[in-house]
Amino acid sequence: MIQKKICMVGAFAVGKTSLVTRFVQSIFSDKYLTTVGVKIDKKPIKIGDVDVTLVLWDLAGEDELSKMRMSYMRGASGYLLVVDGTRPTTLDTAINLQKKVDEFFGKEVPFVLLLNKNDLTSEWCLGDAEIEELAGKRWTAIKTSAKTGEGIEKAFLTLTQMIVGE
Amino acid sequence: MTDFDMAGFFAAMNIVVMERLGDGSLQVIGTTPHWFGQLYPNVDMEGGRLRLEDGSSFLEIFIDEVADFWRKNETGRLTSDAWTETDSLGNECILEVSATCFEGRKIVVIESLGDSFKKRQTVFQKARETFLDKEALEKVVAERTEDLRKTTEDLRKALDAIVHVLALTVEVRDPYTAGHQRRVANLARAIAVEMDLSETVVESIYMAGVIHDIGKISVPAELLSKPGPLNENEFNLIKAHPQVGCDILKDIDFPWDISRIVHQHHEKMDGSGYPQGMSGEHIILEARILMVADVVEAMASHRPYRPALGIEKALEEIKKNSGLSYDPDVVDACVNLFSEKGYNLEQEMT
Chain A
23 MIQKKICMVG AFAVGKTSLV TRFVQSIFSD KYLTTVGVKI DKKPIKIGDV
73 DVTLVLWDLA GEDELSKMRM SYMRGASGYL LVVDGTRPTT LDTAINLQKK
123 VDEFFGKEVP FVLLLNKNDL TSEWCLGDAE IEELAGKRWT AIKTSAKTGE
173 GIEKAFLTLT QMIVGE
Chain B
839 MTDFDMAGFF AAMNIVVMER LGDGSLQVIG TTPHWFGQLY PNVDMEGGRL
889 RLEDGSSFLE IFIDEVADFW RKNETGRLTS DAWTETDSLG NECILEVSAT
939 CFEGRKIVVI ESLGDSFKKR QTVFQKARET FLDKEALEKV VAERTEDLRK
989 TTEDLRKALD AIVHVLALTV EVRDPYTAGH QRRVANLARA IAVEMDLSET
1039 VVESIYMAGV IHDIGKISVP AELLSKPGPL NENEFNLIKA HPQVGCDILK
1089 DIDFPWDISR IVHQHHEKMD GSGYPQGMSG EHIILEARIL MVADVVEAMA
1139 SHRPYRPALG IEKALEEIKK NSGLSYDPDV VDACVNLFSE KGYNLEQEMT
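Top line first, the protein sequences correspond to chains A and B.
Counting in the working numbering, the first sequence runs from 23 upward without gaps.
Counting in the working numbering, the second sequence runs from 839 upward without gaps.
Among these hints, one or two may not hold up.
Here are the simulated PhoX-like pairs of lysine-lysine, each with C-alpha atoms no more than 20 Å apart in a straight line [claimed, not checked]:
#1 Lys53(A) x Lys964(B)
#2 Lys956(B) x Lys53(A)
#3 Lys89(A) x Lys972(B)
#4 Lys957(B) x Lys53(A)
If you are wondering where the hints come from, they were derived from the structure by calculation, not from laboratory data.
Bound conformation, chain A alone:
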């Protein structure tokens, strides 16, 4: 059994915890409950014939008061970079965090960008310009909704495949 550490990274209140909870326990709550520190969960999955246990580190989001502690990324094989599609500033935060993570590791670490809260279509703010910018970076981006479950399995499986395939 392979064990892989994956971190959830992004601004506060983008839905990192909800994505993990939906993926691990298949449940969702509309109530926002902020993460303090780190929450660690495990989830066994199968990639082809390979059994992999994902150790999911749900890191408290960045805000004006607290910055992400990069040391928590130590030993991570990859990470999910989460953006709230209804809050454009969270994309800026994600872009900055991605740079910091690369600097921390001194190399590019596999990651997938999640454009979360895709169920909130009327409040969606990410326009063509932002999407084009991401396309320019050649990032793998997946639209997700912890509420409906859209894209979540795909997100974790895509990242795990990137990691296992390395």
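Given chain A, work out where chain B should sit, using these hints.
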């Protein structure tokens, strides 16, 4: 204190106390609460020794971070963030780890947070909800500001269109001066920019220039295109146009003082102008600029009563009467535009 049951005390405090050994393992001191065994089932319970794994667990990352603190044998303690981990029975444990040096030994204390975590979480929760409210408010403000900007832009475009239509009402009656107001407006704006005036002033000069002859609507069309010289009565009719223009414009709530500029654009520095005979700095700067632009354009262009005199003659005229009829600073800026900056009235005229 010799009979103090340290191990029992640790159990009562619901904490795990360990010593970091030279080989990197952690030696449990005393007994451990039940949650510790569930969380670290691999701990060698007989020897009470916890061997760390691959360097990526929360405990290992923390221990790595406090290495300097231990090496320097500093006083006090370092404490981690809270960390939540699920034990082998599926229970969530909310923990915090501290490091300290005690009698030269590297001590690690893991504490189950319980209710104190809820208080801490409440503080963070409130702060982040406030941030979210602030973000939402900023978003609304940004959206409304953008709406306002668009509305202002639309209004501005409508205003521009109205001003240009007003200008045309004069020009359709006087084809010889068709385009005169636009060219004067362009030149006046260029002079204002050359004089480094503010954007608002530049804009007001331009807009006033576009309709500065609106008052000529009161002058009979045949007089405007009369090929010969005007008699005194006819000239008096012409001289009334700044006042008529002002009367037409004064009740329109422009963002600039256009009616005043139009009113004064034939006033001269020495008081010999019309309609009020104002002099010097009693004439507003915008009108002094418009005056120079008007004279230069008029002299350089063809008129029903004479052919075009050319730009050289026009510049000669304003230089000759600089300080008498015309504001010297405005004259300097205008001359500079043509002689140094290559301003081309002919090009503007095409």
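So, going through the hints one by one against the coordinates:
1. Lys53(A) x Lys964(B): 13 Å, holds
2. Lys956(B) x Lys53(A): 16 Å, holds
3. Lys89(A) x Lys972(B): 19 Å, holds
4. Lys957(B) x Lys53(A): 18 Å, holds
Checked against the numbered hints given earlier, the structure satisfies every one of them.
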